[in-house]
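Trainee: Sequence lines, in order, name chains F and A. Under our numbering, the residue at position 136 of the first sequence is numbered 136, and the numbers go up by one with no gaps. Under our numbering, the residue at position 1 of the second sequence is numbered 1001, and the numbers go up by one with no gaps.
If you're looking for bench data, these hints aren't it; they were derived computationally from the structure. None of the values given here were measured: they were computed from a predicted structure. All C-beta atoms, glycine included, are put in the ideal place defined by N, C-alpha and C. Incorrect hints may have been included.
Not everything, but these chain F residues come out facing chain A in the computed CB check (under 10 Å) [unchecked claim]: (1) P105; (2) P109; (3) P261; (4) G281; (5) V292; (6) N293; (7) R299; (8) E327.
Label-pair restraints from in silico Cβ distances [unchecked claim]: (9) A/R1132 with F/R365: 45 to 51 Å; (10) A/T1031 with F/G285: 36 to 42 Å; (11) A/E1192 with F/R316: 33 to 39 Å.
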Amino acid sequence: MPPMHEVLRRQLESGVSRVFDALGYSGRGASEAKRDTWWWLTARAQAVKSLRGLIGGWAVAWTGSGYAELVPIDVLRPGPGEVTIRIEASAVSPGTERAHYLRLPNTAPLWIPGYSASGTVDAVGPDVDSLRVGDRVAAPGVRHASVATVPAADLHRIPDGVSLEAAALVQLGVICGQGVDKCRLASGEPFGVVGSGVVGALMQRLATAAGGDPVAVIAGSRSKEGIARRGGAANLLVVGEDDRQIAALRLPVVIDASGSPEAVNVAIAAADVDGRIVLIGSPRGTTRGLAVNQIREKRLRLIGAHVKTLEIETRRTGVERDRLHAERFLEALAAGMPVADLVGPGIDPRDAPAFYRKLAADDSRMVGAHFDWSRLEPSARLSNGGLLRFPNLLGRGVDADGPPLRDPRSQAAEVLTVEDPLADAEGNLRIGILGCGDIAASNAAAATAAPNVSLTACYDPDHRLAADLADRFGGVVCPTVEALLVRADVDAVLLCVPHHLHAPLAIEAARAGKHVAVEKPPANQLAGARAMISAAEEAGVVLSVCFPDRYEPRALIARRLIDGGALGELAGATVKFFRDKSPAYWRGGFSGRSRSDWRRRQDQAGGGVLIMNLSHYLDLVRHLTGMEVEAVGAFAASTEETTEVEDVVSVSLRFANGGVGTVSGGSAVRGAEISEFRLWGKDGQIALEPDARFFTLRPLDGLRTARWQSFGKLPQVSTRAAYLSRLATAIARGVKPDVTGDDALAVQAVIEAAYQASRTASVVRPSQVLAGAAP
Amino acid sequence: MDAEWLGATQGDEVPVMTVDPEGALRFGRHTWSALAGADADRAAYLAFSTLARRAVDALPEPGPGVVGVTGTGIVAAEVRRLLGAAAASGPEAGRPEAVIDTTGDPDAIADATRRLADGGVLVLAGESAGRRTDINLYPNVHVRGLWVVGAGPLLSQSPAAGDSNEGRDPGDSLAAVSFGKPLPSAKWYRIETSGAAECVG
């Protein structure tokens, strides 16, 4: 029968779980919401119990195995004998923190890592005489947080001339100081250190300061040889390369500071008869084949030297030596012991997610690092906690499918602002529209909305449609294509005709000296696209393809995020587009404005859902990321009896940078209204559809990291008006348009490669397709 | 051969200390030259008891209270004799300040690290006899500040004058081994060979 308090605790947990389930939290989101609630309750219970206020701040938290982020915390205002510190630097011990972060053997789960910091006293509680507000202090045992309230007796005033970053190593100084004590070095006695990380380097320097002679550092590689040499080591020997020299060292003292369970045997090999081996690094696992016979035969002393052994010594002797070692360390720093190379780079705490991933990937080169809390806004580092301030449980941005975070700071984040694409419009582009069906009506409205575009003429074989357009949006109705092309008041033509007519009409318009804007795709076939681009080049006119989705506010923000490094090194893209297109779409002419069935004919449309719909996404992937498709594999099929073109397709892309993409779509999936569009890199992900949001490990414009962030409220933009206006401005300025012929050709080459890949069940390179489609 | 050197299963290799016709002791790469006036049994007994003394000497000063002793061979017997009342075996040792292991057995060594008091000392005086010791040093040795101390090799140097063991009869715990017959119960064993020795446990 469990004790009553345990029963109550379980019932409380169960009740809380039911509440969060009812609120729609699941998975990681539920556990984080519970944690936030628990922290919130705990902090306030402590505040009420102690009749003290709260201070808000931020801390680096490991919210799951391998997940790090910056989370809000509350700490108590200082009570009797306590002070509150505004943390400036908190030291990272890469080996130790990597082991805990990766949950290697002999580690315990941690919420908030860190154990050594420095800062300035912000507030002093009653009965504290030793410290005053503004004093610089070293704080052993303090975690990676912007603020901490601790007993004044645990703090150490930092001597003048010692930097806050160096003083932040104080707990490492305690760890190593007690280890050096256990070495019992005689003056001039040779010693060696196994391990070249921050603990090994600090041990080396403190042992040298204690009178030892640093004969050798033994390491797994030569990557930190400079650190070892600067610490005075005569030799750096590499395990596996210099084993004979290691065995010949015959050292009276060997310090194992590696943390590797196998390193103790290296230390045993390097030790002389009657030697001491001080085990300072925590072995992260089981030592396979401990050389017990060598320990026995050499009469070695293997000495466990975890910092917790100080507690054992205190129990035995009654003397607390932690404080002594901390003071000694700070004195050594004041005396000039160099540690600048061990302090490492200052990390923006918001960069913690990316930092720990980097640390996990390769710790061999990183000696030391520290979180630089001054990178945060002063008001964020230390704020009024507020007893009644509720935890932000809604829209926390944890679950991928849950509501994204609306970070209050996003209002001011430049990266999330949308520039008006019409803002710097120049010129006046007079356009004539060829083809006055469904999409032409949209384009004519867009031309009217664009400040530097006007509709002057239109033509359609069905004169009724042309007349309707002219009546609604202006311009004259031309009886023939030729009649429109000879008009002096037409600078550019906009082709809104079936795909198979793009190339011949574009070529004819270019030869007539008109700039050409054409609905996507450039043509029904790649060869036609190349021919129309060549014709434009020969005529010296601009050819551009209408990919208006580039001007969607979400796309504009995505581009800024990617350019700002939100995704880091780009790695992939995925697109899903599934619809249930009606029979009217294929045979009635979409809306019925223009009765036609060209969309179902392979020779006219050139393809189905891939060329018709997914081409927008292919352009966006390329436009937003800059990733060029190197190889394409695909399967496509026509499942409806009424269509010749594919109505389902699955495409796999390999990008030139090594990334991978998948593009799949269908137009005959019953009941479907599915859109998904994601881009990702090593440091983040952007979801543009179904709803725009992003997740990044990089601190951009002060936004919170490792959370799904909302794009914020997006403005309404006529993307076609933006496209036409930007095209008009480019023509007026004599510069390339946003969407060039080459851009369009690249998209069409991928489409063509996919169709070839599907037909031949092979992988096709767009570059080969382009080479084969030379006009 | 110390009783502790016997392998756990048939077929394990068993180390032996040899006495050549000139009276010299050999064990591994170590040698004691002929001991004047000592027969083979007494010379071997002297080697074992010398190791036992070194193991006891490896204990910290001032001496710990109760010392756990593991093993049932001749070295263990000598360690217990030297420690007298301070020696304890098994559960009665509680959480000793020190343990002298004479077995070299990986399980016994790991168990000793668990049983020792914080900051305690484990003296290794046993021969691992080819057994591999896989041990997690973190929870006990590292965190609890144990010392693991080597007692020295069986034949590291000639015995000191005080280690002559005169007056003590090694024979009461010694058994002679004959090939093909079951091992009798004893603390150590003598294997007599003629010509090329082929010693099998």
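Trainee: Taking the hints in turn, state whether each one holds.
Mentor: Verification of the supplied hints:
| no. | hint | verdict |
| --- | --- | --- |
| 1 | P105 | holds, 7 Å |
| 2 | P109 | violated, 16 Å |
| 3 | P261 | holds, 7 Å |
| 4 | G281 | holds, 8 Å |
| 5 | V292 | holds, 5 Å |
| 6 | N293 | holds, 5 Å |
| 7 | R299 | holds, 5 Å |
| 8 | E327 | violated, 22 Å |
| 9 | A/R1132 with F/R365: 45 to 51 Å | violated, 33 Å |
| 10 | A/T1031 with F/G285: 36 to 42 Å | holds, 39 Å |
| 11 | A/E1192 with F/R316: 33 to 39 Å | violated, 52 Å |
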